[in-house]
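**Q** Chain by chain, the residues:
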Amino acid sequence: MERRLSRILISAVLLMLASGSIADISARDRNEFRFWQGSELRLTWGAMPLDAVTLNNVMAGGYAVYGYGTIAGEIANSRYYGGDGYLSGAIGLTYTYRFRKWFELSGVVTYSGYYRDYFDKYTGNLAFKSNDNQISVMPYVRFVWVHTNLVRLYSGIGLGVSFLTETGQRGTDMTLLPAFALTPIGITVGTFVYGIAEVSLGNTGMFSLGIGYKF
Amino acid sequence: MKNAIKICLAAAALMTVAGCKVDSSEEKYVNIVEEAYYVYCITGEYVLSPVLSVLDRALKVDMYVKADQYGRYELEDMYFPDYKLRLYDDKCVLADGRGEFVFDGNSILDEGAVWECTFNGVVAAVSCTGQDEWDVSVDLQTTRLDTPYSLNAMKMHVALADSCGYGHVYEMTVEGDYTEHTSSWEGNTVVEVVFSTTEPTKAVLSRGPLFHFFNGGFDLHMDISGGMERSEDIEVRLSPAMAGTEVTVTYMGETEFWRE
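Chains A and B, in that order, are what the protein sequence lines are.
Numbered by my numbering, the letters in the first sequence go through residues 23 to 237 in order.
Numbered by my numbering, the letters in the second sequence go through residues 271 to 530 in order.
Next up, chain A with everything else stripped away, as it sits in the complex:
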């Protein structure tokens, strides 16, 4: 139990350090909660978003040999090999308006991408680039169930649309898909400038970290 508490404390301290708002926090009276209607901007990065870009590329097969049944198919299929492939994760920008101390309404834009270069196996030269990009836009409601000057704990839900482009050897495909975010728990630490940590399911990422600015 003590170990768990110490881990939580260490995490919280690190989060506050990351937000750089210790000075900001220490200047305020922590006992008196003050709510005012206003806006916030958040910049977040989420690991493992539940979106097409991530699902398609995490589950993609490796370098293919055999199985095409023909000489031409085999040679065409194994002609190019992939270099390192990267997922960007979900990079999110959120505008929020605080209506009540317990209720906030946001607009969320997230970007998720996958990048990989493919090379000709005979020459080793770059043959083509494969890029998948997905931009999601969604309204998002947030319910704050713990609110102090320093810490807010909240849950939220959002539903919207996302636009997926997949570019490869054969050109670009575009698809419109649904987007969503379900956040069972999120925490902000700080007053004007604050750090964010969230656990979510959806296009914003499974684990998100970020910073926000209240104005």
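Keep in mind the hints are simulated off the structure, nothing from the lab.
Please note: incorrect hints may appear among the correct ones.
[Unchecked claim] Restricting the straight-line Cα-Cα distance to at most 27 Å, the calculated cross-link-like pairs of lysine-lysine (DSS-like) are:
1) A/K151 <-> B/K298
2) A/K123 <-> A/K236
3) A/K151 <-> B/K291
4) B/K361 <-> B/K425
5) B/K336 <-> B/K361
Since the structure of chain A is provided, determine the placement of chain B on it from the hints.
**A** Just chain B, lined up with the frame of chain A:
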């Protein structure tokens, strides 16, 4: 405010470098010689095995013709479990229409005998040229290999090297060429493969209708046109290994080994 800007920059830098690497480079898996080995496998599976099967079946039909009633039951179970054999005066027919062996009145083991044989789409005249030796002359007009392969030319001479419990071991000399026609999103591709044995090469029926080739070798030349032009030589050497056969393939200046 300065603090806020610093934090934003730090966060942006973190996000840039924190992108997750989910796929490693496949460079280490690239094996150029693999496609040449594949050409050899296709040649063995779709061209050489079907033609050699005609002779193999003809020899088994000959055994069937010569056997008594009980011997025929045994041979049917051993060599033709999936077929119904119908024996007439001048021919033996596989009842599902997959084969027909027309005799010339002689055993296929008799020198000078010529049987007109059809088996699994290959139409060929099998002629006995000496003791346990045959020429297989394929009728290129009527022979149908499995799609997308078509035979353009072939000369095959086969000698019986050994007979054992699981069948005959042949020693084969062959040359010819075949074409593969395919179409894909890149367009129609034609692959022409010229093949010949570099020395008498042994073959034994291995998996179903396919032969395993060993102790010998092939020279192949592949010409690809339409979409991805290539013209390459392939050298295949088959040598005995501790278990099975070591297939040594040389292609585009590189050599690799496979164990079969």
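**Q** If any of the earlier hints don't hold here, list their numbers in rising order.
**A** none
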